[in-house]
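Numbering (my numbering), first residue to last: 3 to 143.
If you're looking for bench data, these hints aren't it; they were derived computationally from the structure. Honestly, I wouldn't trust all of these hints.
Straight-line Cα separation of at most 30 Å, BS3-like style, residue types lysine-lysine; simulated pairs [claimed, not checked]:
#	residue 1	residue 2
1	LYS132	LYS115
2	LYS47	LYS81
3	LYS115	LYS81
4	LYS47	LYS25
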Amino acid sequence: ENTYPGCSSDIPTPFYSLSTDQKPDWTCSHPFQPEIQAYWDELSKTHSITPRIRFGTLVLDAVWDSDQSLYQVTSQDVKTGIETITQAEILVSALGFLEAPRFPDIPGLTNFKGNLFHSARWVDEGLDGKRVAVIGNGASA
Numbered sequence: 003e004n005t006y007p008g009c010s011s012d013i014p015t016p017f018y019s020l021s022t023d024q025k026p027d028w029t030c031s032h033p034f035q036p037e038i039q040a041y042w043d044e045l046s047k048t049h050s051i052t053p054r055i056r057f058g059t060l061v062l063d064a065v066w067d068s069d070q071s072l073y074q075v076t077s078q079d080v081k082t083g084i085e086t087i088t089q090a091e092i093l094v095s096a097l098g099f100l101e102a103p104r105f106p107d108i109p110g111l112t113n114f115k116g117n118l119f120h121s122a123r124w125v126d127e128g129l130d131g132k133r134v135a136v137i138g139n140g141a142s143a
């Protein structure tokens with residue numbers, strides 16, 4: 003996600019550094035997405051958490067079981083639809099409020115015949131020579 007050309011941080015990148023794993027050598031105050039992604043990939047490898055992360059998974063329910071002192075987490079694989087229940091001592095919600103891109107409610111949008119995509123789900127189809135409309139704004143738009 004968020005791999006569109008020019009994708010960068012909209013806040014000074016040291017705020018992305020964990021206090022336990024500072025990165026003093028960012029190339030600039032607002033580096034591009036690949037540098038930020040590389041930092042988090044390295045942290046994940048350094049602390050051996052990659053094998054414990056479930057990508058492409060939607061959490062449907064998480065309930066604390068006080069008798070077992072565990073969370074009962076019901077999740078669904080977004081590609082297959084298969085649901086699983088997992089027990090966990092620790093549950094970390096890594097969901098950002100911008101995680102689900104939204105399109106504006108514009109009359110006639112459903113009748114638009116051209117390609118339509120959100121920058122968070124970038125489609126690298128080459129836009130050179132095409133008429134392109136960008137709707138919305140923000141630090142990364």
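Compare the structure with the hints numbered earlier in the document and write down the numbers of the violated ones, lowest to highest. When the structure is compared with the hints, none of them turns out to be violated.
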